[in-house]
Every structure is written in C-alpha cells, then in structure tokens.
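Please work from the sequences and hints to get the whole structure.
So for the sequence shown, the working numbering puts the first residue at 21; every next one is plus one.
Source of the hints: derived by calculation from the structure; they are not laboratory data. Since we're looking at a predicted model, the values are computed, not measured. Beta carbons: idealized from backbone N, C-alpha and C, even for Gly. Treat the hints with care, as some may be off.
[Claimed, not checked] Pairwise CB distance ranges, derived in the manner of DEER restraints:
| # | residue 1 | residue 2 | range |
| --- | --- | --- | --- |
| 1 | 56 | 33 | 40 to 50 Å |
| 2 | 21 | 122 | 30 to 40 Å |
| 3 | 36 | 123 | 36 to 46 Å |
| 4 | 123 | 30 | 28 to 38 Å |
| 5 | 31 | 97 | 50 to 60 Å |
| 6 | 22 | 63 | 34 to 44 Å |
| 7 | 34 | 121 | 49 to 59 Å |
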Amino acid sequence: DKAGGLYSLIFSSPGLIGLSSKQFNVSAGSAYRLTMIRQPTDGIRDLLLSSQPAVSIHDRGGNTVSVWQGNVSVAMSGGSPFHPKLNYTGAQLLGTTDGYNYRGSAYWH
21 DKAGGLYSLI
31 FSSPGLIGLS
41 SKQFNVSAGS
51 AYRLTMIRQP
61 TDGIRDLLLS
71 SQPAVSIHDR
81 GGNTVSVWQG
91 NVSVAMSGGS
101 PFHPKLNYTG
111 AQLLGTTDGY
121 NYRGSAYWH
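Encoded structure:
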C-alpha cells in the first residue's frame, strides 16, 4: 500500500533455512484524490493571500502521484455578506485559478 524502494520479501518455514527476494520498488498507483498540503490564510482585499493554497495528488494508498499530468483548478464558495437574489457573496477570486503542477502537487501564486 506504500510506494517506495528497496523492498524485499522474506520467506520462512519452521525447520527450514529461509531466504529473501531481491530488492524491488513499488510505484504509486493512479491518481485518486486531492489532499490539502497548504491552507490559504486570511487576506486583504485586492491583494494576494499571504499564504497561497497547495494540494497534492494521491493514489488510494495515500502516496503522492509524482508523475500525474493533469490540471487542478480552484474556485471560491461561501463568504459574507451574501446577496440572496444574486446567490453571490460579492467576493471575487483574483489571480490564477489553474494550479501549477509540479511532481504531483499543484501550487497557486
């Protein structure tokens, strides 16, 4: 369930001399979920957030899929004040909405 290198299998049986397999690697599986690795912080109107968000792409086992070649987008929801007739908070997300993908993580700036 965990990607990594230099694994080996150890075989044993009571009364017999055991043995080990040669070392092998286990690669991450296919992309399954996004995981937040850096939360955004509070900001000031018309300025970039002081801490930009970042997410990582993981397989079902929680391993980062560093070879993933997709696109991650961000949108904003919630907030106050809320305008009930427009279903709109009055806030607008400024800056880049598509993350920069690097080795299985997406970053914004």
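Verification of the supplied hints:
1. Between residue 56 and residue 33 the beta carbons are some 46 Å apart, a value that agrees with the proposed interval 40 to 50 Å.
2. With their beta carbons about 25 Å apart, residue 21 and residue 122 fall outside the hinted range of 30 to 40 Å.
3. Taking 36 to 46 Å as the suggested C-beta distance range, the pair residue 36 and residue 123 conforms, at roughly 44 Å.
4. Against the hinted window of 28 to 38 Å, the Cβ-Cβ separation of residue 123 and residue 30 comes to about 32 Å, which satisfies the hint.
5. Take residue 31 and residue 97: their Cβ atoms lie about 53 Å apart, and the range 50 to 60 Å holds.
6. A beta carbon spacing of about 37 Å between residue 22 and residue 63 agrees with the range 34 to 44 Å that was offered as a hint.
7. Judged by the Cβ atoms, the range 49 to 59 Å given for residue 34 and residue 121 holds: they are separated by roughly 51 Å.
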